[in-house]
Amino acid sequence: MSDRGHLEGEHFMSGDDACAEGAISAGCRFFAGYPITPATEIAERMSDRLPEVDGTYIQMEDELGSMAAVVGASCGGVKAMTATSGPGFSLMMENIGLGIMLETPCVVVNVQRAGPSTGLPTMVAQGDMMQARWGSHGCYSIIAVSPDSPQEVYDLTIKAFNLAERFRLPVLVMTDAAVGHMYEKVVIPPLSEIELVPRRRPNVPPEEYWPYMPDDDLVPPMANTGEGYRFHATGLTHDEQGYPEMTAEAQDRLVRRLVEKVERYRDEIIEVEEDSIEGSEVVVCTYGITARVAMIAVERARQEGIRVGMLRLITIWPFPQDRISEIARQVKAFVVPEINYGQISLEVERSAAGRAGTILVPHMGGDVHNPETILEAIRQAVK
Amino acid sequence: MEDKHEIRLCGFGGQGIVLAGYIIGQAATVYEGVNAVFTQDYGPEARGGACRADVIISEEAVRYPYIDKPSILVAMSQAAYDKYIVSVREDTLVIIDEDLVKPTGTISNQLLSIPASRIAEELGRVAVANVVMMGFLAAATNALSPDAMRKSILASVPPGTEDLNTKAFETGFDYAKAKAS
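Residue numbers (our numbering), protein chains in the order written: chain L, 4 to 386; chain U, 3 to 183.
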């Protein structure tokens, strides 16, 4: 990849713009989407930027088509993404499932707004976190990350592309309207300093290639369609050659691998940010914009003499359950503020497994928390 | 520069309030090398209604990105003034476009005014009222580096309007200096 069109340097940029630039830096050369607030700026910027780097931008008829086109483009050998918000995310679920079944690397960005349904189109929420995990039918593992600043949107969009290629699956960037529309400085490094994971190519002659024969790490090498390798793609349960095999045995072999290829590498995937957890009696565990709001409450609690730590989840799925389980042995409780009525708090509670309490600080969306409500929960936690 | 400035710009949609917030944030981060975060009120009713742009400028990293009570409030319409004046403190510096805002009912004891829209019209385009106001803001406070602002404006305005915008900034800047002397 040449440096042409790479926007190296310091910029004052929104989270949405940073997402588009992260994609361009990662080598994304295909975007199919349908504009929706508060994700529209990503589509807008990609429509400007992709022609400059010989990429393709398509505005599709809807989000079903968008996701289908992204899966198709990736099968053709191009790094591909789409960006949407809640209502569009719902429509994409079917073909995200296809992407998982076909093991197609791609990136789906959800700039979350308040739902259900069309909800509050311009206003923030974090209500799609469980949908990200379980929204498509059937059994699978997924990877999702959650940035809290435009810089991190840039960084994590690149990481999402890398994880998608490494593990061959759609990776979700779960940001929100507040981060998407917030402007801060974004530093874009020289292209030579950005680490990119290349697609794992077949290491056998075309006639010997089986598209779903995994390597030892459970991830199969991937031939691009049209290169002469035999490639059969189906959403049906298939064997290692890609042909439908309608048996419980084939289902077990395939689906177990789809789950295990992620779960076995949890440690490689999971990223969290910790602040003063050692010696704390309560830990605030949150993500995205809410982490920045909670920090005020944490500082005020410390001024009151409460020993409080902060665990910011950067990777949401797979869930950092092992670290939370460890922390649960030393703290009285976790305080989990999130802009929904309790989603990630359930995972924290599950991971803590009764060794520490979990206090949810819910918010229905449309705004961020008042830091005072988080502070009050911290005070309750140490009582 | 003082350690931290919390600037709230407000007016009606179409006055370039949001662009002003962007230009100020870009000046601080890219051209002056300090931290800034810019957030905006974003709604379907933005055009014509009261809109706002909040910029926090700080030597320290800014974690909490929102403004509770601004240290500077710039109001360019009556509706926006009425909506946001309740957010000020006693020591908030309130700056108004004096032809468009009657400054009533405020607890702030610091008020400055400039006929920014009238000056912009005299320069040839009312659209640069926001830039006149930024010039005034850069001269009347220590929140912004004037040189960084000049660079940021030139990097942000449409090609062909550089001279007009530079003139608008300098006119607002000189107006504040003349008023203070």
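Since the hints were made in silico from the structure, they are not lab data. Treat the hints with care, since some could be wrong.
[What the hints assert, rightly or not] Taking CB as the label site, the calculated pair distances span:
hint, chain 1, residue 1, chain 2, residue 2, range
1, U, GLU62, L, ARG310, 19 to 27 Å
2, U, GLU62, L, LEU199, 27 to 35 Å
3, U, SER110, L, GLN62, 43 to 51 Å
4, U, PRO161, L, GLN324, 39 to 47 Å
5, U, ASP176, L, ASN373, 50 to 58 Å
[To be verified] Chain L is nowhere near these chain U residues, computed Cβ spacing over 12 Å in every case:
hint, residue
6, GLY16
7, VAL20
8, TYR66
9, ASP70
10, PRO105
11, ALA157
12, VAL159
All values derive from a computational prediction rather than experimental measurement. We put the CB at the ideal spot given by N, CA and C, even for glycine.
Against the structure, the hints:
For GLU62 (chain U) and ARG310 (chain L), the Cβ-Cβ distance of about 23 Å falls inside the hinted range of 19 to 27 Å, so the restraint holds. Against the hinted window of 27 to 35 Å, the Cβ-Cβ separation of GLU62 (chain U) and LEU199 (chain L) comes to about 33 Å, which satisfies the hint. For the pair SER110 (chain U) and GLN62 (chain L), the supplied restraint of 43 to 51 Å holds, since their beta-carbon distance comes to about 48 Å. For PRO161 (chain U) and GLN324 (chain L), the hinted distance range of 39 to 47 Å is not satisfied, since their beta carbons lie about 54 Å from each other.
In this structure the hint that ASP176 (chain U) and ASN373 (chain L) lie 50 to 58 Å apart at CB is violated, the actual value being about 43 Å. Every CB of chain L is more than 12 Å from the CB of GLY16 (chain U) (nearest about 18 Å), matching its label as outside the interface. Not every Cβ of chain L is farther than 12 Å from the Cβ of VAL20 (chain U); the closest lies at roughly 10 Å, contradicting the non-interface assignment. Chain L draws TYR66 (chain U) into its interface by the beta-carbon criterion, the shortest separation being 5 Å against a cut-off of 12 Å.
The non-interface label for ASP70 (chain U) is inconsistent with chain L: the shortest C-beta to C-beta separation is roughly 9 Å, within 12 Å. With a closest Cβ-Cβ approach of about 28 Å to chain L, PRO105 (chain U) is found to remain outside the 12 Å limit, as its non-interface label requires. Residue-level check failed: ALA157 (chain U) sits 9 Å from the nearest beta carbon of chain L, not beyond 12 Å. For VAL159 (chain U), the requirement that its beta carbon stay farther than 12 Å from each beta carbon of chain L is met, with the minimum near 15 Å.
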